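Undergrad: This is what each chain is made of:
Number of protein chains: 2
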Amino acid sequence: MAKDKKLVESITSMKEDFAQWYTDVVKKAELIDYASVKGCMIIKPAGYALWENIQKELDRRFKETGVQNVYMPMFIPESLLNKEKDHVEGFAPEVAWVTHGGQSALQERLCVRPTSETLFCDFYKNDIQSYRDLPKVYNQWCSVVRWEKETRPFLRSREFLWQEGHTAHATAQEAQERTEQMLNVYADFCEEVLAIPVVRGQKTEKEKFAGADATYTIEALMHDGKALQSGTSHNFGDGFAKAFGIQYTDQGNQLQYVYQTSWGMSTRIIGAIIMVHGDDSGLVLPPKIAPTQVMIIPIQQQKEGVLAQADQLYETLKGICRVKVDDTQKSPGWKFAEQEMRGIPVRIEIGPKDIEKGQCVLVRRDTREKYVTALEQVPEKLAKLLDTIQQDLFARAKAHRDAHITDAYNYEEFQSVLEKNPGFIRGMWCGSQACEDKIKEDTAATSRCMPFAQEQISDVCVCCGKPAKKLVFWGKAY
Amino acid sequence: MAKDKKLVESITSMKEDFAQWYTDVVKKAELIDYASVKGCMIIKPAGYALWENIQKELDRRFKETGVQNVYMPMFIPESLLNKEKDHVEGFAPEVAWVTHGGQSALQERLCVRPTSETLFCDFYKNDIQSYRDLPKVYNQWCSVVRWEKETRPFLRSREFLWQEGHTAHATAQEAQERTEQMLNVYADFCEEVLAIPVVRGQKTEKEKFAGADATYTIEALMHDGKALQSGTSHNFGDGFAKAFGIQYTDQGNQLQYVYQTSWGMSTRIIGAIIMVHGDDSGLVLPPKIAPTQVMIIPIQQQKEGVLAQADQLYETLKGICRVKVDDTQKSPGWKFAEQEMRGIPVRIEIGPKDIEKGQCVLVRRDTREKYVTALEQVPEKLAKLLDTIQQDLFARAKAHRDAHITDAYNYEEFQSVLEKNPGFIRGMWCGSQACEDKIKEDTAATSRCMPFAQEQISDVCVCCGKPAKKLVFWGKAY
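The listed protein sequences derive, respectively, from chains A and B.
Numbering of the first sequence is given in my numbering, commencing with residue 12 and proceeding in unit increments.
Numbering of the second sequence is given in my numbering, commencing with residue 12 and proceeding in unit increments.
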C-alpha cells in the first residue's frame, strides 16, 4: 500500500498551495507535459481526449446554428496585421515572427497567427460581393501563438488550441444577434456539459478585444476565488470592414460595408474544469465530458471468474456509457488512486465475494459514496448515477460560486472583501477607466464584466463615490 | 440558360489542359481560395467538409487499432531538429524559421514543424522508462509547414493539414508490424471510402523518408497517368532512439533502445479524389466521403406544393443519407450545374408533373443516368444507388489504373511507354541508385515503389540490363 499512497500523497493540497495543487494535478493526471520550447505544452492522451470531447460537443452546437468550418493559413504578413490600428497595437507585442523560409530571408516577415481576424477580413474582401453572399458564418479549429512571458499549462501558454469563429453580416443588428447567440452557445455548453456556472456580461472598454466595438464574456469562478474568462464573443461593427474594404452590393444596388463578429473558446477551458471541480485526490470530471465515465476495477482478479465477470459487466455497459476495465497487474488500491487522480466519475469494484452475492459496488468519484448494487440493476442505476453526478457537480459549483459573490458599496468594503471572501465582488461603477486602473493598482482585481442581468445596488461608484452607471462583477483573474 | 452554362464552360477540359482543369475545379467547386501568403491555401467550407469526413473515418480506424491522440507544440528548436543527421538534411532546407518573439530576438531560432519526429523523440526520451510504458501509439492532427518553391492546391502547399502517427515499441518486430498495419489502414481507407485503388509497396533507398530504415507507401494513379503518393508509413528501427537516447528497462532489467515508426496522410489526398474521379463538369465525389450525398432540386418551385413535396422528401431521406434541398432562387439548370460541379453523387429532380404522378427523378452524378422513381420507393432505391455509385467509382478507377499499367523489359520500351500510355510502368530493377538517377534524368519518371506483390517479369534491370533484384512500379508523379 505504500506505493498506492504515493500517487495521492504527491499532490499538494489545495489549501496549502492552490497553484502547486493545479500544477501537480495537470502532471499527475497526465493531462500535459512540458515541451522543449519554453511556455509550450505537450497535450497527452488524457488531456487531448478531453479536448476532443469539447470539440465534438461545441462543433455540433455551432453547426446547429449554421456555422461552417474552414481553414486559414497560420501565417499573417506584417502588412496585413497592421491594417487595423487597435488590433495591431493589441497583438503585435506578443507575436512570433517568421523571418526565413529555408535558406532565404523573407521579403516581408510573417507572424504566426495570434488570432485570425486579419486573415478572414482579407478573404472576405474578395469573397463577398453581393448581399446574396451574406451572411458568412465561418469557424476554424486550429492552434494560435502568443509570446507570453509568464505561462501556465492550459491557462496561459505560448501556443494553445482553440476555435475562432468569424462572421460577416449585412446589418449591424444581425451581427449583434450573432455575437449574443454565440456567447449563449458558450454559456450553455459550460453549464450543461462542463457543469460550470458562468456569469454572462459585457467587457468594459478597457478590457475589450483589440479592435472590437463590444466584447461579451462568460466568467467562471475557480475554487480559489479567482475568475477565469472562459469564452468571448466580439462585435466589430463595421470597423474591420472599413479598414479592409469589405463591401457588398445591397438589394438596392448600393455599396455597403459588412458588419462582423468573432468568438472563441480555447484549451484554457480545461483549466476551468480542473479548478472548478477538482479536489485533493486529483481531477473530478463531469460525466458528460469525461473520456472514460466508468472504470471497472476487479478485486483479486487472479481468482477464477473475476476477470470474466468484469468483462461481462463491460459488455453490458459499453452501449450505455464510456467504460473501461482496469485489468493491469497493479493493486486495487493503486487502481483506485489512479481512477480518482484521473477524475473518472464512477468506479465499479467487483471481487469474488461480490460475484457470490450477484452484486458489485459503484463508487462516486465526487462524493466517494458507495452503492452496493445487484448486477442486473447496474445499467439502470449507473445511467441515473451519471446524471445525478452531472447535476450535483453543477449545483456544488454554483453554491460555491454564489457563496463567493459579495456586494460592496464603498471602497473600504471592496478592499476588505478581497481578503475575507475572495471571489466575485458586485460593485457599482461610474464608467471611468481611472477607477478600473486604481482598483487594479490597489488590489489586482479587474472588472470581469458588466452582467446582462443589471441591478442598481447603489447609486455611487464603489471606487470614487461619483454617480454610478453600471453594476460590474470585479475579481482577481487568471 | 446562358448563365447556367457559364459555370460549366468556364472549366478547361481535362484533355485540353489537365493542370488547368485541376485548378479550375478546386476553385469552381469552392474547395479552396488562394491566400495572401504565397503558397498557402484557404480551405473553404466545401473543401474542409471533405477533410472533416476524412478525419472522422481515419480517426475511427486509427482508434480501433489502439491509437491515442495527442498534441505536440508547433515549434522545434534548431538544436533538436539537428539531432538526427539524415532527418535534418532532409528537412532543414525547407523549413520556416521563427527568430523573434514579440520585440525580442530569440536565443535559439525555432522552426515551424515540417513533421514532428524530433518532438516525439524528445518527449518519449522522458516519458518512456520501463517496458510497462510500451508501446506508445500516439497520433496528432495538425498543420505542418514546408517552404516549397512550386506549389499547387492540396498537392504541394507551404502549409498543409495532416495527421502524423508516432509510435515506440519494445521490439523491432512489433515496430515492423505497426508500420505495415498502418499502411494497410491507409490502403483500406482509400479503397473502401475514397474508391481509389492503390498499389502497396516499399520505397527504394533513394525515395525513403529522411531518417527512416524503411518507408512503405500507397501509390494511386491519377486520370492523367501521373502517380500520387497517397500515404506513407515509416519504420525507423532504433536509429532515432539512438540519436535521442530513448531507452527502457526490459523485463530482465536491461536497458534497451526502443523501435519507432511514423505514418501520415494529408490534405494531399483531396487532390487524389479530384484527379481520380473528376470529369469535365467538375468534382465527382464517392458517396462515402461526400459531405452532401443527395441534392433535392425542385422544378418550378414557385408552383404550389412543389417546395412542400421537396421538403417532405427531405424529411423522409435525412435519416438515411446526407441530403439537402436547393430552394434558392436560381434556375434549375444553374442548380444542376452547381450540383455537378460540386460532385454531389445524386440529385433528385421533382416538379409539378412528377408530383402529379407520385414520382421523382434520381440522377447519378457519375454517369448522368436517370431513374424515374415512385416517391415511396425513393429511400430504398437511393440507398442502393449510393452503394452502386461507390462500387462503380472504384471499379472505373481500377479499370483505368489497370489499363495504364504497362510492363517494360528494356530501356527503349520503358521510354516509349511513357509517351504512348502514361501511367505505371512495371519494370525490373538492379537495385542501384544510378539507374534510378538515370531514369529520372532521361524521363522524369521515378521509382514509385517495390510492390509487396513481387513478380520476376524479367531477369534484367529495365535500365542497365544487369541482373534484376526487384520489380518496381515506375511513373511520373505529383
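Simulated from the structure, these hints should not be mistaken for laboratory data.
This structure is a prediction, so every number in the text was calculated from the model and none was measured.
Hints are supplied without guarantee of correctness; some may be wrong.
Where chains are identical, the list cannot tell them apart; a pair therefore holds if satisfied intra-copy or between any two copies.
Claimed, not checked - With a cut-off of at most 27 Å between alpha-carbon atoms, the simulated DSSO-like pairs for lysine-lysine come out as follows:
1) Lys253 to Lys314
2) Lys67 to Lys329
3) Lys147 to Lys477
4) Lys38 to Lys449
5) Lys67 to Lys147
6) Lys335 to Lys364
7) Lys96 to Lys299
8) Lys299 to Lys477
9) Lys147 to Lys49
10) Lys409 to Lys381
11) Lys147 to Lys96
12) Lys335 to Lys67
13) Lys136 to Lys39
14) Lys147 to Lys38
15) Lys147 to Lys329
16) Lys451 to Lys299
17) Lys147 to Lys160
18) Lys74 to Lys335
19) Lys26 to Lys38
20) Lys335 to Lys253
21) Lys364 to Lys314
22) Lys49 to Lys253
Undergrad: Run the structure past the numbered hints and jot down the numbers of the failing ones, going up.
TA: Going through the list in order, the structure violates hints 1, 3, 4, 7, 8, 16, 17 and 20 and respects the others.
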